[in-house]
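Novice: Going down the list, the sequences are from chains A and B.
Take our numbering: the final residue in the first sequence is number 269, and no numbers are missing along the way.
Take our numbering: the final residue in the second sequence is number 269, and no numbers are missing along the way.
Honestly, I wouldn't trust all of these hints.
Since the list gives no way to pick one copy over another, a pair counts as held whenever it fits inside one copy or between any two copies.
In silico DSS-like links for lysine-lysine, alpha-carbon gap of 27 angstroms or less [claimed, not checked]:
1) Lys-36 to Lys-169
2) Lys-256 to Lys-169
3) Lys-268 to Lys-13
4) Lys-106 to Lys-70
5) Lys-36 to Lys-77
6) Lys-129 to Lys-27
7) Lys-36 to Lys-70
In short, the hints are calculated from the structure, not lab data.
2 protein chains.
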Amino acid sequence: MNRQQLIEQIRLKKSYLCVGLDTDIEKIPQHLLSEKDPVFAFNKAIIDATRDHCVSYKINTAFYEALGLKGWEAMEKTVHYIGKDHFTIADAKRGDIGNTSDQYAKAFFSALPFDSVTVAPYMGEDSVKPFLQYEGKWAIVLGLTSNKGAADFELQQAGGELLYEKVLKTVSGWGSPDNLMFVVGATQADEFINIRKHTPDHFYLVPGVGAQGGSLKEISEKAMNQDVGILVNASRAVIYASSKEDFAEAAKAVAKGYQEEMAGYLGKK
Amino acid sequence: MNRQQLIEQIRLKKSYLCVGLDTDIEKIPQHLLSEKDPVFAFNKAIIDATRDHCVSYKINTAFYEALGLKGWEAMEKTVHYIGKDHFTIADAKRGDIGNTSDQYAKAFFSALPFDSVTVAPYMGEDSVKPFLQYEGKWAIVLGLTSNKGAADFELQQAGGELLYEKVLKTVSGWGSPDNLMFVVGATQADEFINIRKHTPDHFYLVPGVGAQGGSLKEISEKAMNQDVGILVNASRAVIYASSKEDFAEAAKAVAKGYQEEMAGYLGKK
Chain A
1 MNRQQLIEQI RLKKSYLCVG LDTDIEKIPQ HLLSEKDPVF AFNKAIIDAT
51 RDHCVSYKIN TAFYEALGLK GWEAMEKTVH YIGKDHFTIA DAKRGDIGNT
101 SDQYAKAFFS ALPFDSVTVA PYMGEDSVKP FLQYEGKWAI VLGLTSNKGA
151 ADFELQQAGG ELLYEKVLKT VSGWGSPDNL MFVVGATQAD EFINIRKHTP
201 DHFYLVPGVG AQGGSLKEIS EKAMNQDVGI LVNASRAVIY ASSKEDFAEA
251 AKAVAKGYQE EMAGYLGKK
Chain B
1 MNRQQLIEQI RLKKSYLCVG LDTDIEKIPQ HLLSEKDPVF AFNKAIIDAT
51 RDHCVSYKIN TAFYEALGLK GWEAMEKTVH YIGKDHFTIA DAKRGDIGNT
101 SDQYAKAFFS ALPFDSVTVA PYMGEDSVKP FLQYEGKWAI VLGLTSNKGA
151 ADFELQQAGG ELLYEKVLKT VSGWGSPDNL MFVVGATQAD EFINIRKHTP
201 DHFYLVPGVG AQGGSLKEIS EKAMNQDVGI LVNASRAVIY ASSKEDFAEA
251 AKAVAKGYQE EMAGYLGKK
């Protein structure tokens, strides 16, 4: 999915919601455990219930890898089931020397049909560039993350600026707003105006709303640009809205709630 | 495998060689492509041929993920085939917020029997700590990598020191030399004495010998400590020593050559 198509989907649905499929087999409703593939059964129900209210799904690869082969299979089935109308994100935080990042890009863009992969910037240009070589595909590079550990390096001084600022400025030169996004945590609202200054035209993937405590209102007010420019992810708050048989309806209600709130902020733009 | 067992293996075999199984289906000998699982067949032959000359195997997960389900299965079979006498490394460069790193740790330490995982430090403490919670298992955190991109951030100023130095100093406080190693590229020999000063007791995983051009002699002279303290990885130089039917013998000869050179450096300690 390219930038224009993504913006169209956002305008059409009045939503910039990304639903995070951090599907943990220990947290899904008990009655699904008798299914042949409980993780996929859960994802399928969540996708069916939420697809009208979101424009994107983010698959957190860790939760699938933790189940070994069966997990990888559930991930494969899930991304195919989502289809082409939603922007798909492999939240995989990959990145290695060039010849190895080539293989990761192949894994997610060729063996699997993801639109994008999250990428860690620490190893520099040759670790990121292979993800920028596929037509219509995206690298989503870590900028300022939502977790406590962001203070350890990302928010440290790095030659007259903060490290995450250096990352935004440097990495944005390696691609364009057509194939490069950044991860910016919803819990980092104080830095949002500064972040938008460095990267005015890029989309941000914003996790941290819901379970992690970030405010949708604050992000939307401070980080939106003329093309909307943000995808706000909620994972646990949506998919675990209920632990009972009504889990899909409950997820739908939460996703719909976010969408309606988003429609309000979009109306002001 | 714990630190004491690793040091014993190194002393016993007079080798601190790690063989990197970056197995690319496009580069393995043609005659293996008729096997049911060509990647595993290749790895099995390489392991049989090199196991006496190395103390460790490093599986570069990217090359397996690029093949999808079949690749993950080949990785699983390979790590089981290696067994308990070699130190196994999942070269996966993982790292995410705490609840997600928990899942990655589970993937490699519980669903799979790896001794260690390589971890990217950018997201800070809660992204690394989950890998340090398993008895006898290790996190191998990126310090100064072997690639050109190391200059983009790792070698940049970060508050009066270089970023990779800040990483070594900060991260070494999160674990101990018993559960934490660092990745230090063989191509970075100029920095080796400085690196050893910051982290005198830790083991380093040193990639970059062979195809990437690092010197085994230089690393060994500058980075070894009283417990040896280094695992030197060679991937392409060993596993692709020949592209013909004699690939395993050729790999053995190269591994043996490294081992004999290493025996010489160990003799001087």
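Novice: Next, verify each hint and record whether it holds.
Specialist: Hint check results:
1. Lys-36 to Lys-169: neither (47 angstroms within a copy, 47 angstroms between copies)
2. Lys-256 to Lys-169: neither (35 angstroms within a copy, 46 angstroms between copies)
3. Lys-268 to Lys-13: For Lys-268 and Lys-13, the Cα distance is within 27 angstroms only inside one copy (16 angstroms; across copies 70 angstroms).
4. Lys-106 to Lys-70: For Lys-106 and Lys-70, the Cα distance is within 27 angstroms both inside one copy (20 angstroms) and across copies (14 angstroms).
5. Lys-36 to Lys-77: both (13 angstroms within a copy, 23 angstroms between copies)
6. Lys-129 to Lys-27: Intra 36 angstroms, inter 22 angstroms, cutoff 27 angstroms: inter-copy only.
7. Lys-36 to Lys-70: both (10 angstroms within a copy, 20 angstroms between copies)
Taken one by one, the earlier hints fail for this structure at numbers 1 and 2, listed in ascending order.
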